[in-house]
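Residue numbers (this note's numbering), protein chains in the order written: chain A, 1 to 346; chain B, 1001 to 1346; chain C, 2001 to 2346; chain D, 3001 to 3346.
Think of the hints as simulated: they come from the structure by calculation, not from any bench. Do not rely on the hints blindly, as some may be mistaken.
[Unchecked claim] Pairwise CB distance ranges (calculated):
no.	chain 1	residue 1	chain 2	residue 2	range
1	C	Leu2225	B	Gly1039	52 to 62 Å
2	A	Gly234	C	Leu2225	44 to 54 Å
3	A	Glu278	D	His3007	18 to 28 Å
4	B	Glu1210	D	Glu3098	51 to 61 Å
5	D	Glu3098	A	Gly8	51 to 61 Å
6	C	Glu2098	A	Asp310	42 to 52 Å
7	D	Asp3329	B	Val1067	56 to 66 Å
8	A	Asp223	D	Arg3094	16 to 26 Å
We put the CB at the ideal spot given by N, CA and C, even for glycine.
Protein chains: 4
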Amino acid sequence: MRAMVYHGPGNVALTEVPDPEMTHEADAVVRVEATSICGTDLHILAGDVPTVRDGRILGHEAVGTVVDVGSAVRTMGPGDRVLVSSISACGSCRYCREAHYGQCLGGGGWILGRTYDGAQAEYVRVPFADTSTHRLPGGVDDEEALMLSELLPTGYEVGVLKAGVWPGDVVVVIGCGPVGLTAMMGARLFSPSHIIAIDRADSRLGAAKEFGADIMVNDATADPLPTVRSVTDGLGADVVIEAVGQPETFELAMRLGRPGARIANVGVHGRPAPLHLEDQWTRDITLTTGLVDTYSVPALLRLLASRQLDARKLVTHRFAFADFERAYDVFARSADTGALKVVLSP
Amino acid sequence: MRAMVYHGPGNVALTEVPDPEMTHEADAVVRVEATSICGTDLHILAGDVPTVRDGRILGHEAVGTVVDVGSAVRTMGPGDRVLVSSISACGSCRYCREAHYGQCLGGGGWILGRTYDGAQAEYVRVPFADTSTHRLPGGVDDEEALMLSELLPTGYEVGVLKAGVWPGDVVVVIGCGPVGLTAMMGARLFSPSHIIAIDRADSRLGAAKEFGADIMVNDATADPLPTVRSVTDGLGADVVIEAVGQPETFELAMRLGRPGARIANVGVHGRPAPLHLEDQWTRDITLTTGLVDTYSVPALLRLLASRQLDARKLVTHRFAFADFERAYDVFARSADTGALKVVLSP
Amino acid sequence: MRAMVYHGPGNVALTEVPDPEMTHEADAVVRVEATSICGTDLHILAGDVPTVRDGRILGHEAVGTVVDVGSAVRTMGPGDRVLVSSISACGSCRYCREAHYGQCLGGGGWILGRTYDGAQAEYVRVPFADTSTHRLPGGVDDEEALMLSELLPTGYEVGVLKAGVWPGDVVVVIGCGPVGLTAMMGARLFSPSHIIAIDRADSRLGAAKEFGADIMVNDATADPLPTVRSVTDGLGADVVIEAVGQPETFELAMRLGRPGARIANVGVHGRPAPLHLEDQWTRDITLTTGLVDTYSVPALLRLLASRQLDARKLVTHRFAFADFERAYDVFARSADTGALKVVLSP
Amino acid sequence: MRAMVYHGPGNVALTEVPDPEMTHEADAVVRVEATSICGTDLHILAGDVPTVRDGRILGHEAVGTVVDVGSAVRTMGPGDRVLVSSISACGSCRYCREAHYGQCLGGGGWILGRTYDGAQAEYVRVPFADTSTHRLPGGVDDEEALMLSELLPTGYEVGVLKAGVWPGDVVVVIGCGPVGLTAMMGARLFSPSHIIAIDRADSRLGAAKEFGADIMVNDATADPLPTVRSVTDGLGADVVIEAVGQPETFELAMRLGRPGARIANVGVHGRPAPLHLEDQWTRDITLTTGLVDTYSVPALLRLLASRQLDARKLVTHRFAFADFERAYDVFARSADTGALKVVLSP
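Isolated chain A, as found in the complex (with noise of 0.2 Å):
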């Protein structure tokens, strides 16, 4: 089969390699009918992710067709249309009981395209297959469901329900990539009153607007804590989700929280944030962090189901699995190209 193979920083290559086997009575093999490009894939050719080997098919998220199963698989078989999660379940570890899949103790985790091979290929193999897709209902289409992968679950499940947004909240979002877009669409489902949209770049703001902002503030030219304030009775966000993962985003997310905000950080940080505890000690922040868990996926579908939820507006791309590279590049070169999710189908 075709495959998008690593090899090494700064290269990946659509490759033939062989078609994946089962290797556990609890796998499933997938043909893939729809996959897509990552930022993490981008960190990794970046060289940022030492556990991903040369030769790994990266890729983390599909839609597509069951074709095999292992004889412990009980919840689906050969012709069932399946959403694979990007987070793998043991199912049975403290973590997995949970719900924290994201945390899995037990084999699972972050592993397709990183020590599994991915789903960037015309087949994948799943691992703990039962407890890591999901049966995709009627009326759902292939494109709208891989949102659903791990795109749209970050921003829910890490900025929106972490955070608690809830009706009448004043929820201020930093950085409007794709992320920091699924966190307004997920917040929007819980009435804020506004959702301030923060980035440095106004096609990014523009973006944001169609995604459930209603106030948009470009901080490279103008401080955002007085929009804020004007309305917040001076006081501050109820909920600052951050979805840059850069120092200063993250201090300014503190800076804008009222005495009692939930501040969810989303952003993937490579270096420490100053905490300015000096002022937050007294303030009852709640911080959290997180990766995702995947454990939303059946909610989102329902909501993608009854059409309350509009997750193909995602999708900016499209490319056949022959141009994979060219996918890549278009989503490497988002800030000119204004890529947000790029879908490669057979």
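Following the hints, complete the assembly by docking chains B, C and D onto the known chain A.
Quick look at chains B, C and D alone, frame taken from chain A:
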């Protein structure tokens, strides 16, 4: 001033009475600019509320302008526009400290128009003014604010919030009178996948559709259970809100929930209902009851001000004070008139 | 091997039967080193559980050593000491993903000793072994662990946790049989100010005192309400746990709660009970029901291992397997024998 | 009357001053029968709290008898024994309505002994008396009640409740001063499996043992991480409570938590601390900060009255008012004197 005075069962009349006077340092007197009639007022007229005595001014819903405050009142003064809550709160008893104002032990609770003269008058004296009124934010008009005196918080707090409606849930609301409709409006704030409205009058089911229901079942002619099962993988509803108050509808509510369902009773009951513990003891049911507390009013005001919530559509009829008796008649004959909320202005 | 085999109402006998065999890759076979009899087994014997058919090995509580595992079992192997949960969990259905194993849709739930051969035997086959057993930590002995197969989690999960017992609460437990006593043990973990035990047998009230109650009321001779009011400023209890299963005790439970009370039903009911909604609709009651899920077992094991919880005092009688029929007799006559939990060992 | 008056950094003296007078209808004047010194008073003396001006009577902890009340005070009258909370609450602002009294926007919060004359005096005027004091139940003496003015609620609310300590948890408390010790007392109410106390002074670790810790680590001589791992299957603590207020101890707190840990900062910080988001962004951490609100006082009073909590052991020294200056000296030299709480009585 003119006021609607109760003179025993079946007898309420617009009467000239003395203006209210301050009797406690924490009181405020409010000039009423909009008031309304509640189903409870009809219960009083029917003689069902023996604590209401001859000579009492009725009414517990008002929006208006403060004209006088006692020396202990800190948060408002003459000229301020306020929403008068149907629930007065002493602010310091055990229940008020937990925001369960409806259970106030310090002399509050539902007292306006019951044991205190009420708001169907040109002026109303409001006890515990600091904790029993809300300053109106800019951009919110009298009529929509008036819906927050009692009606909208009832459906929202006692129905939606107690039941814990969550994105993707299937929510059943039994009874499409004003309270049931506000439960639907409130449920929509949490983005359920489906709201199923049940009633015996097609006209009310039509209203339900406008207030957020997407599936309507007339249970005079069809058992709703198959419909509920058809959108819940055969399991039953995640949430059921009972907004009728009859043993039969309560039994129906219990029957429509899935294992693990949350059932919120909002209906006013006059008789016991059988609880089928022989079935339900294994089913992980959570059943709640309650009076409105109006603790949600600040959040609801923010939703009105930001136009996330349209409370005006609850108002079906408008009258001048001089026509108060006619307004009672229209409201009492809601089955014919389609009255949801009837607003009176000077 | 020898096993307790059901042969129709009133008839259970120690019988020589074939050893269990593995039938699925996710099974384990466990050599039983301690097992017990549950009140449910007496219901089966009374013919009340029609899903149990002639020839079934009874029992759903066991501690033992793994002797064989299927190829899909990952978390244990021969020689490991395990607690067998009374609730089997497929691990991947909607309910199992939310840790509501008692409602498992994937073939689990209470199946051992009901639709599968059970644990009152020298060996037991455990389906879904990874999610239906718990490895025993060091320092926990067989007997105390056995109390976690079902009994202690029932009082703790369905009573204490569903009711949300909190430091300083006044907790009423109605019924001082084994489940009521474990509700008291579990409630003590949250430091209520008072636990009030209610029963009609003074001997059981004596046991209640040993399990954490500090006020005992025999409701055959006294209405408990004045006692409850005397320690709650006249309001009623914060929490009431019903552990009897009769309409009268359920009505009593509802009557003893304060406005805002949490009432947890743990009792097994055979008939409907009247719910006095004409009083309760205003009282902010939360009523819960439920089957045990055993999700709390890992935490309870930590409490056993750290000696914060003494489960051994639940064991009143011990027998060898050869005396299994006598053990049933002692347990069935608990009113005379004072039996709480009867443990059988090879 | 005599009172401890602040006269600039380093200077507090027992001084004859006029008795306090009522200035608002919601005030009460309380004759102080027990008062105490808080670590914050030492910060004031060090000149660290610029809002405290020359001439201010210090102190925010008191128990006494009401001698006068304003006309708006409803819940107490002359002769009533009351606990004066360190936190005054207007009772009607956004934060007070949510029981976040420490963030009061209506003129309350920590004002006694800071911007209002305080409680280290024979009489103290208490603003917002209905919402800022608690009637003492029978059977609770002055000294133990005094521990609820601020100290015990701080450890309990800001440490234990914000961190969500739960039965079976492993709880680490860093810092064994008075607040750390009350965090241990409070944590015990929830039956953790282990409480691990960390400090650099063996004497304080000895105290920790008396307040509920079962493992003590002197982090001047040993890294606590291996100890924490040894009782948590190598994962790290479920809960960490930081009660020191230094960047180093904050970093230690973050390092000792398991993935999914709840970290509650109680320490008073004067400088920023580095937050290692490069590690923590994936670890599902919840970090909280906060001021005490004293919302837990009613529950804590019930626990004192029922002897479930022994607050008296926090009192290490007792003085008469005449020796107030010596009491400050003993408290300031707590490292030598072992002072936890110093109580002054007339």
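Violating hint indices (sorted, rising): Those not satisfied are hints 1, 4, 6.
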